[in-house]
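Asks: Sequence:
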Amino acid sequence: MTSADRTSFDRRSALRLTSAAAAGTGLAVGAGGVAGAAPSRAGKFTLTGRRSGANIPNILTPGAGFFVRYDLTDADGKAAGTESAFTVPVTVGPDGAFVVSNLVLSLNGGLITAASGFPRPLPSVTEFAVTYTPWSHTFAVTGGTGIHIAATGTITIEHPTRDDDRLTIDLT
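Take the sequence shown: its letter number 78 is residue 78 in my numbering, and every next letter is one higher.
Source of the hints: derived by calculation from the structure; they are not laboratory data.
Quick list of the computed label-pair ranges, beta carbon to beta carbon:
id: 1; residue 1: GLY93; residue 2: ARG69; range: 22 to 30 Å
id: 2; residue 1: THR91; residue 2: THR156; range: 17 to 25 Å
id: 3; residue 1: LEU111; residue 2: THR156; range: 14 to 22 Å
id: 4; residue 1: ASN58; residue 2: THR142; range: 27 to 35 Å
id: 5; residue 1: ALA42; residue 2: GLU127; range: 31 to 39 Å
id: 6; residue 1: ILE59; residue 2: GLY146; range: 36 to 44 Å
id: 7; residue 1: ASP95; residue 2: ALA42; range: 35 to 43 Å
id: 8; residue 1: THR156; residue 2: ASN108; range: 16 to 24 Å
id: 9; residue 1: ALA54; residue 2: THR131; range: 17 to 25 Å
id: 10; residue 1: THR73; residue 2: GLU127; range: 19 to 27 Å
id: 11; residue 1: ALA150; residue 2: GLU127; range: 30 to 38 Å
By construction, the Cβ of each residue, glycine as well, lies at the ideal position given by its N, Cα and C atoms.
Work out the full structure: start from the sequences and follow the hints.
Replies: Here you go:
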């Protein structure tokens, strides 16, 4: 493959491949979850996160995604894993943005995946403001691995400060 061939493999091609893979996964998994998979452990638990990485832009632009990463601890203060999210603004206005986001919790017992669409305050309110405004949002759990295989439920994330978050994971 020449460098010209590589540059012709644009984002649209990558999206088509990703969409095809997602559709294939959906057909293989079906409505009932992974065949023969044991359900995830049900229950509610809380984790606390401390931001360890992010590339949130100063100005949100529709279609321009960004990531955040948090190191997670459990109720006893022990390391519990990481939280990583990739978020894309869909619309941006003077009072905030509507975003779609994919979330992956990499926990000691396996992964939990989740997705959401929610209103997000502008970075001027959450990243640079002298007076921080706490905010929260909820994700739908879409699955998992390890002890969380076939997980369902919700994850509510509260942002009490710029660099801290609190996750309430409610698996059903």
